[in-house]
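Colleague: Protein chains in written order, with our numbering: chain A, 20 to 820; chain B, 243 to 541.
Take the hints with a grain of salt, since some may be wrong.
Claimed, not checked - If you want a taste of the chain B side facing chain A, the calculated C-beta under 7 Å gives, among others:
{"#": "1", "residue": "277"}
{"#": "2", "residue": "279"}
{"#": "3", "residue": "281"}
{"#": "4", "residue": "289"}
{"#": "5", "residue": "319"}
{"#": "6", "residue": "356"}
{"#": "7", "residue": "365"}
{"#": "8", "residue": "496"}
{"#": "9", "residue": "518"}
{"#": "10", "residue": "520"}
To be verified - If you want a taste of the chain B side facing chain A, the calculated C-beta under 7 Å gives, among others:
{"#": "11", "residue": "274"}
{"#": "12", "residue": "357"}
{"#": "13", "residue": "364"}
{"#": "14", "residue": "371"}
{"#": "15", "residue": "386"}
{"#": "16", "residue": "389"}
{"#": "17", "residue": "390"}
{"#": "18", "residue": "393"}
{"#": "19", "residue": "410"}
{"#": "20", "residue": "440"}
{"#": "21", "residue": "484"}
{"#": "22", "residue": "488"}
{"#": "23", "residue": "516"}
{"#": "24", "residue": "517"}
Keep in mind the hints are simulated off the structure, nothing from the lab.
In this text the structure is predicted, and so the values were computed from the model without any measurement.
Cβ atoms here follow ideal geometry from the backbone N, Cα and C, with glycine treated the same way.
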Amino acid sequence: MLSRILFTITLCLTMLTAGFAQSESASSEKPITLRFTVWDGDEASKVLRKEIANFEKAHPKIKVKLEPVNYDRYFEKLLTQYAADVAPDVAMMDPGNFQRFSKRGAIFALEEFFDDVPGFDIKSYYPSIVKAHSYKGELFVLPRDIAPMAVVYYNKDMFDKAGIPYPDGNWTWDFKPHPELGDKDFLTLLQKFQKKDARGKVTQWGYVPGWPELFVDMVVFGQGARYVNDAEDPTKFNYDDPRVIDSFQFYADLTLKEKLIPSSFDQAGTSTKQLFTQQKVAMFQSGIWETPQLRVEIAKPDKGGFNWDIALAPKYANGERAYPTGGSGYSIMKKTRHPKEAWLLTQWMAGAPGMMAMAKAGIAQPAIRELALQEPWIPGPNTPEDQQIPKNRIITDQAEPFVVFPPTGILYPDLNLMVRQPVGLIYTGDSTAKKAFSTSQPVTQDRLDTLRREMDLPTFNWVAAGTIGILIALGIVAWIYWPERKIKRTSKEQRENRTAYLFIMPWLVGIVIFTAGPMILSLLMSFSDWDIITTARWRGFGNYTEAFTIDPTFWKSLSVTLIYTLVSVPLGIGMSLGLAMLLNTKVKGIALWRTCYYIPAMASPIATSLIWIKLFQPEGGLLNAMIFGPNGQGGIPGLRQLLEPLAGSNGQINWLQNEQIALPSLILMSIFGAGGGMVILLAALQGVPQYYYEAATLDGASAAKKFRAVTVPLISPALFFSLITGFIGSFQVFTQAFQMTQGGPNNATMFFMLLTYNNAFRTLRMGYASSLAWVLFVVVLIFTVLQLQGNKFVYYEGSDR
Amino acid sequence: MAVVPQSKEVAQKAAQKSASKAAWNGYFSRYATLIVLFVGAALFLIPFYVMMAIALKSPAEVAATDIWSWPKAPTFQNFKTVLENTNVSFWNFFRNTAFIATVTTAGVIFSSSVVAYAFARLNFAGKDRLFMLLLATMMLPGIVTMIPTYVLYARIGWVNSFLPLTVPAWFGGGAFNIFLLRQFYLGIPRELDEAAFLDGASYFTIFSRIIMPLSGPALATVGIFAFMYNWKDFMGPLLYLNDPELQTNELGLSTYNALQAAQWHLIMAGSVLVMIPIIILFLIGQKYFVKGIAMTGGK
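Hey, can you work out the whole structure from these sequences and the hints?
Modeller: Here is the structure:
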């Protein structure tokens, strides 16, 4: 360990000296390293790496380190990294999220760099993507690609087989089928592709959107509706707009009632793209970025694959052509030490060289229009054979005038998540769209109003806060040493005292730095509004009032956590006790049994969560296959009749997707951890002297009586221990929910720890999260004190109590 | 509780009756117990069976067969694919996890044993109330200190390194471990160190020559618990490790899962890879584990 500390110190020193050295001789030959983060997957990363090599060749003094991160965690990671001063120099951004950084002054407005590179012309970029990456006229992200999600990949062979001409983009959709329009009507087309088996189960569909929101967005935008009133500075959320509500309902009806689009249940654990590659659907809508992966996954027609191409997605019959869009670019982080070099990299990767490389691989449509209209983006005579498909890439340019970008308002991303919390219930048919949004819309609107009101809070007074913190600390110290005030020590005792302090020094230092100090700081922070990037602001009791009176997630989360704790802990202990008593009956091979039961309790939490996702999967998961049979027939008799009422509209139990069942599912899963408690209780049981039972037997005590009068009192310390640790642990459940449900559906598994984590590290509301942490602390404290009161029933050997 | 048998005869009869009944009961209940234990164990191990089965199937077989079926042609190709992925290195995960768990465990053993010694044997100012404070921190949910410590580490530039995960273990090593070791030390006869003290031994000598050698099992228990806890920790690495090269088993598996959406054959293979070391560790340390648990849950 010492070596590691020494190592760190040396490292710091080297870095310092390196810094000096650099400032002394700016023209030194040492190359600088730029860290460059993107959310691109394996295929795209390969392309980027190649292009980075070209860049390094052109700029020998700059080295670039690429750091790909998965999109789901990308922005929260980048924000927390920035707050911790370990952010990369250049980062990928998109229209929906760059404001989180620009508002906090974390990324450069790029205009100041434009003249650094001769020939750079921002006007060559598609105006729509430039506008989408600007806020109030300032450009914060240099666009690298635009990705209208209007690309319908279609299976030519399936069209041929059905005798339907290939789509040419001149088709329309409406809420009702129009058979008179024939193949030009989207819904009629879907009806033609639908195939059912003997039992009425759909086995082939015409179309699937890459993800549900893609379709809903298209429907919303097609009707001319938007989710918020003003994209740059929203003051109103529109989830009470009938057009928005109808769009969600439309998707739910198409998947669950009409069954023209596969629902998430029909996917049975596969992705929508896999449905397309497995030829279960004829059309798959997404962005052009799916192309490289599809080229890999779809075999040639003579090798069991099929012919495919792309077409422009349909237009709303009574409205406008409109498509949601992706699009991204690169930003330069403010804390970079090499802004000029970072710009060189940025405009290389989001300029002609980078775009051409991406275009060649078929990943991304160039954001510079001229490049999007020529080879290699549009296949021509020089395009290699394996890059010819899909042929019809010109549609990405045709779609561009009709794209709708996500709002750029800083408050939008988080609040949009909030208003959409019940969306999962619409997709599973557990709620209508109207009902789902009737509560989340007003709550979100309230929150938006509050946030806008609080835009100018006074700054947080750290001096005053620090003084209070020191006073609290002094109070604790005074409490510790108050009984010592009259004690005199002999010199021998003084020596012992000094030695003792040497011994407890690690802990003393630890408790000050890692426990007491942070606790006091967290208490102070709970009165602030602070993202740890910009200055903290004083919010008074605002965080607590928000939790108790405004934020409905708070109460929901508290009750979810309490229910989970109050059910799973006693249930788990009961299970543990039962198992322990079984194993305590002199059964053979006790060590082996113990191991069997204990393995699930000590296994990797993430691996366990992943397996359970699979076991809980509605279609093709283990539990439903046992109850209903693998094909919806058979299954364990009796169990089926018993559990059938729980089944959803798909005839299966949706363990993790149903609002009522998700929490019980996690409790069921927690029982598999009962082996941990079992080992403790078994050890305690084995410590109970046998003659107690013999004496009780002689006295004619029944088994129940023996259990109550001998077993329970004698193992009560172990029971009590299991109870206390069980409660404290269960209040802090995190990993399962984080990995399996992300708190959904509709917050049904939003454990308190997850809520706090989300506030602190996803949205950087450190002040609010601190107040939540303190609320949990008080709740745990109350529970512990209550249990310690119950302590008097616990029998300690050798004590008189 | 004292019931005096009224006469010898009655007592004998009763004893006979209960003996035959007990024999029958014992016979029946032993088999019933075995059956229940067997069914229970099978249920408990089903998830691992499924995990293994999927990990050994080819993607085509995963799609075509029922979830519980054992692969007809088991293949190790999935494991190979997982291990050869250049963006996520399971070898790295393993190395990082082992490093963090080892350094942390060493820290826990060192610091909790010295602190426990002082609380068990020495007299010092404020001892009682400091001990109360120690017990109180056992009940403290970690979430309260999570945010400020993150800010602290962010300010001193420790984020994205192993330091936030390893250094704190050297400062106290956890209230629970201190408490456990203190209880153990209290059970070591005081006469031993008093005799040594009279011979002129210092407290350090007593600690290192008498207390430490006698507390092997307790230290092993604390060590194994600390090792397992840190090996399986998810929240800490999630907060502090960003760089893919620094990630641990748990975090790495979670990342891998996100990257391989719905590729269940690969995800399960990765899960098996992460699971194996823990199970081996457990089987090795099982003896101490159980002993230690008896100690923690006991008196």
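Colleague: Take the hints in turn and mark each one as holding or not.
Modeller: Against the structure, the hints come out as follows:
1. 277: Because about 10 Å separates residue 277 (chain B) from the closest Cβ in chain A, which is outside the 7 Å limit, the hint is violated.
2. 279: 6 Å, holds
3. 281: Result: violated, 11 Å to nearest chain A Cβ.
4. 289: Nearest chain A Cβ about 5 Å off; hint holds.
5. 319: 17 Å, violated
6. 356: Holds, about 5 Å.
7. 365: 6 Å, holds
8. 496: With a minimum Cβ separation of about 5 Å from chain A (threshold 7 Å), the hint on residue 496 (chain B) holds.
9. 518: At 10 Å from the nearest chain A Cβ, residue 518 (chain B) fails the 7 Å test, so the hint is violated.
10. 520: 6 Å, holds
11. 274: Since the shortest Cβ distance to chain A is 9 Å, the answer is violated.
12. 357: Residue 357 (chain B) check passes; min Cβ-Cβ to chain A is 4 Å, inside 7 Å.
13. 364: 4 Å, holds
14. 371: Nearest chain A Cβ about 4 Å off; hint holds.
15. 386: 5 Å, holds
16. 389: At 5 Å from the nearest chain A Cβ, residue 389 (chain B) passes the 7 Å test, so the hint holds.
17. 390: 4 Å, holds
18. 393: 6 Å, holds
19. 410: 5 Å, holds
20. 440: This interface hint is violated because 13 Å lies over the 7 Å limit.
21. 484: 6 Å, holds
22. 488: This hint is violated: residue 488 (chain B) lies away from chain A, its Cβ roughly 11 Å from the closest one there, beyond 7 Å.
23. 516: This interface hint holds because 5 Å falls under the 7 Å limit.
24. 517: 5 Å, holds
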